[in-house]
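Here's the letter readout for the chains.
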Amino acid sequence: MPISLDSRIPDGDLADKWSNQQANFKLVSPNNKTKYKVIVIGSGLAGASAAATLAEQGYQVDCFSFNDSPRRAHSVAAQGGINAAKNYRNDGDSTYRLFYDTIKGGDFRSREANVYRLAEVSGQIIDHCVAQGIPFARDYAGYLDSRSFGGVQVSRTFYAKGQTGQQLLLGAYGALNRQIHLGKVRMFVRSEMLDVVVDKGVAQGIIVRNLVSGEVSRFNAHAVIIASGGYSNMFYLSTNALSSNVTATYRAYKQGALFANPAFTQIHPTCIPASGEHQSKLTLMSESLRNDGRIWVPAKQGDHRLPADIPHNERDYFLERRYPAFGNLVPRDIASRAVKQVCDKGLGVGPTGHGVYLDLADAIDSSGRDIIEERYGNLFEMYQRITSENPEKTPMRIYPAAHYTMGGLWVDYHLMSNIKGLFVIGEANFSDHGANRLGASALMQGLADGYFIVPSCVSHYLTEQKPQLVDTTSDSFNEIDQSVENRVADLLSIKGQHSADYFHRKLGQLMWDNCGMARSEKGLRKALDEIPKLSEQFWQQLKITGCGKELNFQLEKAGRVADFLEFSQLVCQDALHRSESCGGHFRQESQNAEGEALRNDDDFSYVAAWQFKSGKSNHQPEPATLHKEPLRHEAVAPDQRSYK
Amino acid sequence: MANYRVNIWRQDQTEKQGRFEQYRVEDISEDMSFLEMLDVLNEKLISDDLVPVAFDHDCREGICGACGLVINGIPHGKECGTTTCQLYMRHFTADTEITIEPFRAQAFPLIKDLMVDRSSLDRVLQSGGYVSVHTGAAADANNVLIAKHKADDAFTAATCIGCGACVAVCRNASGMLFVAAKTSQLALLPQGQPERLERSLSMVKQMQDEGFGNCSNHYECEAACPKNIPASYIAQLNRDFLNASMTSKEYESQTHCKSLEE
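Just so you know, the protein sequences line up as chains A and B, in that order. Take the first sequence: its position 275, counted from the start at 1, is 275 in the numbering used here, and no numbers get skipped. To convert, take the position in the second sequence, counting from 1, and add 1000; that gives the numbering used here.
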């Protein structure tokens, strides 16, 4: 099947593209909408908002979540806020500036048209969320409050204390609940998509395993929307929820969807450092803390005094020193790398040496304890519960952790993958954040895609589809259903000696060491050599107790780890081929004299979209085939990204 | 490093009656979370060819609301304002016994071991826990001003994570704090006013239909809530419910008012 990488970007000036596109969208008449069925996989910000909005419009929607309730989706954990170009502060913000900041923040590796549209609809998201009754922070006059985030010089981040993701998700979940109550959405919880059914390049449905009964069943639809989130859990330790996984997007990739820029992963600078081997996840401390917190390490190696005993002139406020213009609010990729560099020099603090101080003492002195508590109280409590230290008395210790993945399934301007009728939204797609995402932009993108963009794109697509559905007993369904059943049986039949977690931990360590914050050809080749061996061990030594026709979380986990084992090789392949540094992807071979990332626009100004190639065994694919979508920078000329 | 004896409720999906089983967990560091201690136990059970203990969990940072265990008789354990996943082993004395049970309530049927079905909470919210606004219909966000203290109060109510600890701790297995948190969030905001009274009626009705009990003012829910949501929101719900039942036409036609009188 030949691959077409037509991004379908509409004609016209950047600022007119989306309105032109909307004017040209074909519509399904209201009484025909009920004849069409759409499947949504995932119920986080993107999935819930898309499912609710499509149902409001009249389509039949089936929505799937592996959690016990849509409200558990990991969007719930986003802390700091959501960006919108409202310019309520009169501080010079505009649609263009949000667009520009996002393009620059992404190190000129995203599509201009998509990013401009994102900035354009950002304001509407806030309007809609306020109308839903989301209790955003307000000032004493009753107006919406906003704050600043990394990589920008305006205050455009709207927030609800440190729980913005939770509040926005509950809003989308409310909208979804309304449609469930009206009978427009059928919600399937504790149900995991294990494959997508594609026939002749068109998505026809999905195969789902009920996680309580173990039953595998088939669902057909006119369009399938994947909103399954990101894949940071390939590092084992990440800020993601424990069940977040790559299965939905990786299965779609194996069915022919292209995977774009998989090596673009974001390491978040401010997380609580790991305390030991038992660690099951890492906890983020919101980037908003960098509004008031100052990051530092002792200036001298081996300085083991208590932080309060180290005088100011014997501290290195390394972000403020290196990046005076943005200081502690540099973008995440730059902050993370700077933290790694000081720790690699042996200046790190805490029992492991993998930590730097995030200090709020100066802010408490200047703004007062009450104000600081009001802003960050819940984060302080969270920190104290985990570490048993009080951040108002002693500085927090933080270290970078895998957090977000900019890479994802390739989509065109309509958010449709190269498989017809397979749409991909939210973190699961690749489109808006380039090589680095700015803080508070994930919530914006998830909701922009779900509420405002994908519903009209799906409608447009459905105008060309006949109302008849492909029968779930067709050959295409039979074949893929059988392969899902076989795989479950294969996993159960190994009867080795190690749990899935054992392999996941090993994979995570390999990826963190060789494909984490700093990558080199040597390290990546090593990972590409080691992972297939680990994968082979997995398929020989995996142990699952219990059976498949019941609730069996070991089986769920094993399926996800098996996909991570294959997928991580694709990530390394992409990281190896992109020998430039850009955004979160830092190649040690490509840096300037000051240790800053060195981009190579001549050779790498493109989206790397990878096509699956099967190998001799089911579990060990051949290296993927690369397709390039050139990036055209018409509105913003790429320059060396500087925050100094 | 400490050792513990843990008594865990085990019940297979096919069994009508479960039982406690005791296990020994060893070399537990004080920096481990409670769920990481269970991870260690499960790894050991798997290596002994036994079926590991099933429990719900996901974000492990206290916000998704998936985890919920009754630990030594108290939902989420005895630490105040803490979810099970944010509970650390430093709070448990070495060489003691720890008893772990699922959340028990008629409206939470058991699935397996420590895992229960809390979809009744979802259905209560489906019956009216939202503002019925269509995507695209909203006016500019700053058109309607909201006093800061009202917005803050609504936020406090809105922090409910839907874990069900309030139900599990209540002698009536009442869902009142859960329902009140949602109705109060919306009742405190101008956007929630048009549907305010109908919302309180429909959500209370659904709560009763799901088999949750009513409130008899013991305030155990407030003490068990990992987000410290105050029980005073229940008073707000009661006022709205009373107001609605006296003024709403919907209420007269609802059959459940009969059962309330009985």
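It cannot be assumed that every hint is accurate.
Claimed, not checked - When the alpha-carbon atoms are kept at most 25 Å apart in a straight line, the in silico PhoX-like pairs for lysine-lysine are as follows:
1. A:LYS543 to B:LYS1016
2. B:LYS1150 to A:LYS549
3. B:LYS1044 to A:LYS506
4. B:LYS1044 to A:LYS557
5. B:LYS1044 to A:LYS549
6. A:LYS495 to B:LYS1044
Claimed, not checked - Away from chain B, derived, C-beta distances all over 10 Å, residues of chain A:
7. ALA131
8. ALA141
9. GLY350
10. TRP512
Source of the hints: derived by calculation from the structure; they are not laboratory data. All C-beta atoms in this analysis are idealised placements derived from N, C-alpha and C, irrespective of residue type, glycine included.
A quick look at each hint next to the structure:
With a C-alpha separation of about 28 Å, the suggested pair LYS543 (chain A) and LYS1016 (chain B) falls outside the 25 Å cut-off, and the hint is violated. Taking the CA atoms of LYS1150 (chain B) and LYS549 (chain A), the gap is about 50 Å. The hint is violated against a cut of 25 Å. In summary, the hint linking LYS1044 (chain B) to LYS506 (chain A) is supported, as the alpha carbons are separated by about 18 Å, within the 25 Å threshold. Taken as a hint, the LYS1044 (chain B) and LYS557 (chain A) pair is honoured in the structure, with Cα atoms around 17 Å apart against an allowance of 25 Å.
The suggested pairing of LYS1044 (chain B) with LYS549 (chain A) holds, with an alpha-carbon distance near 23 Å, which does not exceed 25 Å. Between the alpha carbons of LYS495 (chain A) and LYS1044 (chain B) the distance comes to roughly 16 Å, so the proposed pair stays at or under 25 Å and holds. At the 10 Å boundary, the C-beta of ALA131 (chain A) falls inside the reach of chain B, the nearest C-beta of that chain being 4 Å off. Listed as a non-interface residue, ALA141 (chain A) fails to keep its Cβ farther than 10 Å from every Cβ of chain B; the least gap is roughly 7 Å.
Remark: the non-interface label on GLY350 (chain A) is consistent with the geometry, its nearest Cβ contact in chain B lying 12 Å away (cut-off 10 Å). Non-interface call for TRP512 (chain A) relative to chain B: holds, since the shortest CB-CB distance, roughly 18 Å, exceeds 10 Å.
In summary, the numbered hints that this structure violates are 1, 2, 7 and 8.
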